[in-house]
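K.L.:
Below are the chains, spelled out letter by letter.
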Amino acid sequence: MGYEGVPGLVATREAYGETTLVVDPARIVEACTHLRDGEGFNFCSDVSAVDYLGWGETGVAGYIGTRDGRDLHEPGSQGLARVPEPKPKRFAVNYHLLAVAGEPRRVRVQAWLDDGETIASVVPVWPTADWHEREVWDLMGISFAGHPNLRRILLDDDWEGHPLRKDYPVGGEPVRFSEAE
Amino acid sequence: MALEDGKRLADLGLQSERLLWPTRGPHAKGPGVFEQEVAALEQAVGLTTLQKAVAWAQSKSMWPDTFGLACCAIEMMSIVTSRYDIARFGMEAWRASPRQADLLIVSGRVAHKMAGPLRQIYDQMLEPKWVIAMGACASSGGMFNNYTVLQGVDKIVPVDIHVPGCPPRPEALMEGIIRLHEKVRAGVPPAYEIRGVAS
Amino acid sequence: MTAVLPKRAPVYEGTRVPSPIPTVLRVDPGKHDLEDVLRVNFGPNHPSMHGVLRLIVDLDGERIAGLSAVIGYLHTGFEKTMEQKTWWKSITYPTRVDYVGFQANELVYVLAIEKLLEIEVPRKATWMRQCLSELTRIQSHLVWLGTSALELGAISVFWYAFRERDVILDLFELVTGVRMHTRYFQAGGLAEDIPPGFYAQARAFCERMPKAVDEYEQLLDSQQIWLERTKGVGLLSADDALALGQSGPVLRASGVNWDLRKSIPYLAYDEVDFNVPVYFGGDVYDRYKVHMDEMRESTRIVAQCLERLEGMESEPWIADDRKVVLPPREELHTSMESLIHHFKIVTEGYRVPEGEVYVAIESPRGESACYVCSDGGPKPWRVKLRAPSFVALEATATCMTDAYVADFIAVVGSLDAVMGDTDR
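Chains as they are written, first to last, in numbering that gives the first Met the number 0: chain A, 0 to 180; chain B, 0 to 198; chain C, 0 to 423.
Just so you know, these hints were derived from the structure itself, not from any lab. Please read these numbers as outputs of a predicted model, since none were measured by experiment. By construction, the Cβ of each residue, glycine as well, lies at the ideal position given by its N, Cα and C atoms. Don't take each hint at face value.
As the list claims (entries may be wrong) - Derived contacts from chain B toward chain C, CB cut-off under 8 Å, selection only:
| hint | residue |
| --- | --- |
| 1 | G67 |
| 2 | S81 |
| 3 | R108 |
| 4 | P116 |
| 5 | P188 |
| 6 | Y191 |
| 7 | E192 |
Chain A extracted, bound-state conformation (with noise of 0.2 Å):
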């Protein structure tokens, strides 16, 4: 596809008709800019994060249904646990970028941090990553680094936590079904 030319580009991956540029924490912005002017993504969908804490810890079983049912070629497909495949770092930062042209483009843009690292904000590249980044901080407790105004934005000013990780817990309340609980 061509994007060999965006600095700190560490690896790319094609899946399911989507290409997905990892890109090295420290050189977002530059990154960013780059296909902004260079490659013409001038819309910025969606930043989220990912939390791969626990990932494939449980032992997920290879049973996998697909079209052609399973693909008994599969290494441990034969319901017995397949692991999925490791990840480099706790946190994956997604940049989801759109070329709003003639011809469009989508592109997904990854990052990935440990728990404490930060990563320069894109609000000067795209200024409606604004809130998007305000909502990753608030949420999964990643923090940007230059963003003007990086306080928790969905819930209370003075909540502890950040409830999308996966240490934190769900919450709520136990149901209770009979009078007698």
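Given the structure of chain A, go ahead and fit chains B and C onto it with the hints provided.
P.N.:
Okay, now just chains B and C, sitting in the frame of chain A:
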């Protein structure tokens, strides 16, 4: 409608708007459990004619507050429209200011962040005031049993009527409102008096 | 392809996106005397029908000097809750996110699951999904029209708009059993077959709708008060709209010819004939015109879908893959495998292969997208719902530059933000 000493609601032909409840003909059913209970309460409470008149007036023009939170608010807007027409019951005047409202229909999920403003709105309403918890989320937290949704709005405000549904049909909400009117006319005090909580 | 970006003079020169924070208007001490500025809180419960949005507004007389939005009063934790449910059960959640255009979120989530499963959806399901999506779009625009007009004082439009909306909800009830939050789209197709009587009733609606839209336009188009309150109010140029991530009617009213149904078609939108309305004024009036024209175009699409669907009466409405789709109940009496499949799907849930996808559709509010990450198990690992209303509210500060306080209800209304979608 004439108010006479000794006449009960059932004698005056008052019934809920139950479209499928046969009251005449070969399959006629007597009053339902709710009506029987309300009739029993009415006898027990024994309002005077003046109190009955006041209760009648309160029930015939109970103005709701515009407190739409989520999906249930859209069905709540539907009861104002021409097909379901809450104006038949004198309730088309939705007041934006809680100071002028009698009825708070909590329609939608209440996040913890919104619980404070909800209680503030309830406090600003003047007595007598009633609360309808519309929908599953307001009654019990609904399908959201998590860190952010208040599991039932009756944790912070006293509720008179819970209306189930996700979202309840406009007819279901109307049923809840009609039952509230019947409760009021029977003399049942608002929920804050029954529960003895701050109003 | 036709030009996407407008080739006309921009709505205003330069950019009006505030700085340093793009979503907050700061009081400019050079323009306003700080002694005169009054900070007012338009709190989470306010008369306009937008749900629980809080705006902290600095007023200098009638002019807005500063503005910032506080959201989160309807944060329901959808994404966290969906991670706890199996794929099948979690389909009931996205519908309630954007509760006005409810089938759009359902559709995008189901499309994302199907992309990961690489399952083939029968064409009857695709066309019915398209038909219902367009009915949802009309229904959502009717709610928008009714509530926006109501807030600006044109109260009677509310009753006219909801009259047609109830007809559409009757159609939903006929097909799916419920008026709102239908849970009709499943991974692989539709939950049930299309009932008889749907086509006749839907055709009657298609004949009625254009006349109804004419009625609404008759009520509003030449109304002097409406024109004065909406023309030239809430300006947003095409460049600013793109920079702020706007999509849907707001972007098209600013002159950008961008509609995902035409540019990146999904379902069967490349097989139906419809136009995309684009206006160049970038104000509230143009957003209103885009909504009205879209209602007409959607009615045309519904009519075309009905024609195609009537030729598919006996076709399957859901994929045949028993690993993902529940078997028909009659089979459970005779086939052991069906019973096992049923048991596995209901108790454990079907498993979706490991991977991540991002699927976007044109919801009534703009680009609504779903980013799903699966670990190969029966529950989603991460679901991120990209909410167009969340992004739309980012534009309030830009649209309200140099505006009167009476305009901000018009502007917030025209951005068409549903708070469930914003706060998720």
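K.L.:
Against this structure, judge whether each hint is valid.
P.N.:
Hints and how they fare:
With a least beta-carbon distance of about 6 Å to chain C, the hint placing B/G67 at the interface is held under the 8 Å criterion. Among the interface hints, the one on B/S81 holds; its C-beta lies about 5 Å from the nearest C-beta in chain C, closer than the 8 Å criterion. Hint status for B/R108: holds, given a least beta-carbon distance of 5 Å to chain C, under 8 Å. A hinted interface residue such as B/P116 counts as satisfied when its beta carbon comes closer than 8 Å to some beta carbon of chain C; here the least separation is about 5 Å, so the hint holds.
Here the hint on B/P188 is broken, as its CB sits about 26 Å from the closest CB of chain C, past 8 Å. Using the Cβ-Cβ criterion of 8 Å, the hint placing B/Y191 at the interface with chain C is not satisfied: the shortest such distance is roughly 20 Å. Residue-level restraint check for B/E192 is violated (minimum Cβ-Cβ distance to chain C is 25 Å; threshold 8 Å).
Violated hints, in rising order: 5, 6 and 7; the structure is consistent with all others.
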